[in-house]
Amino acid sequence: GQTDSAYITNKKACQLFDVYGYEEHKYGFLNMQVGILLENKNYIEAKKISEIFENESGFFDKQGNISKGKEIYYYTKGQYYYSINKTDSALILYYKLLNHASDINLSENGYKGLMEVYNKLGKPDSVMKYAQLFANANDSACLISSAEEINRANALYNYNASRRQAEISKREAEKYKTTIAIGWLLAFAAICLICYIIIRFRRKTKQQFTELNNMYFDTLTK
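Its first residue numbered 21, the sequence shown is counted upward by one per residue in our numbering.
A hint or two may mislead.
Said to hold, decoys possible - For lysine-lysine, the following BS3-like pairs were computed, each having C-alpha atoms within a straight-line distance of at most 27 Å:
1. 61 x 190
2. 149 x 195
3. 226 x 195
4. 82 x 67
5. 68 x 106
6. 116 x 61
7. 140 x 190
8. 68 x 90
Derived by calculation from the structure, the hints in this document are not laboratory data.
Build out the structure end to end from the sequences listed, making use of the hints.
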């Protein structure tokens, strides 16, 4: 809810895109800036940012239609028109959102905008109609959101379980390495011991042979 901090951070991100030569990426941030400016009733600056977005982003065709996946901007621009009492222009944009029935979030925002405009125009029948549609869309959006949260939670659980298993496997592998290292060390020690015993035995045998040989020649001399 700290919109001022969000706005400052958003603008800083756009400046950094400019600095590092990624100007085209900054336009995706401008919709949020417009929304915050409208919330703060700074309509002049909101209009300025909107014009930059519409004229420089390359997201709009010649008929003024925004590219697929960015339609939520219609709601933001509709809010601007609603705020400066251009209700006809706001209605056009809110109805545009209803052309994307497959996206419940766009429909939800469209119904909300229409409800607000017709309330401002004093048309209770239309307000009731779109209020009910907004409520239904909001319920559906909440269900989808809840399902997505469950999926995210499940994915996180699976990730954590996999990570724990990986850590266990890593510890077992390290333990196995340690066991192998100790085994090699013991084997090396055993080989050294055997070599030592063999060398000592050969020295002792050679010494005994030398002594016997000396005794033989001594006896032979006598």
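Hint check results:
1. 61 x 190: Violated: residue 61 and residue 190 sit about 57 Å apart, past 27 Å.
2. 149 x 195: This hinted pair is violated, its Cα atoms lying about 68 Å apart.
3. 226 x 195: Roughly 46 Å between the alpha carbons, so the hint for residue 226 and residue 195 is violated.
4. 82 x 67: Holds - the C-alpha atoms of residue 67 and residue 82 are around 20 Å apart, at most 27 Å.
5. 68 x 106: holds, 17 Å
6. 116 x 61: holds, 24 Å
7. 140 x 190: violated, 64 Å
8. 68 x 90: holds, 19 Å
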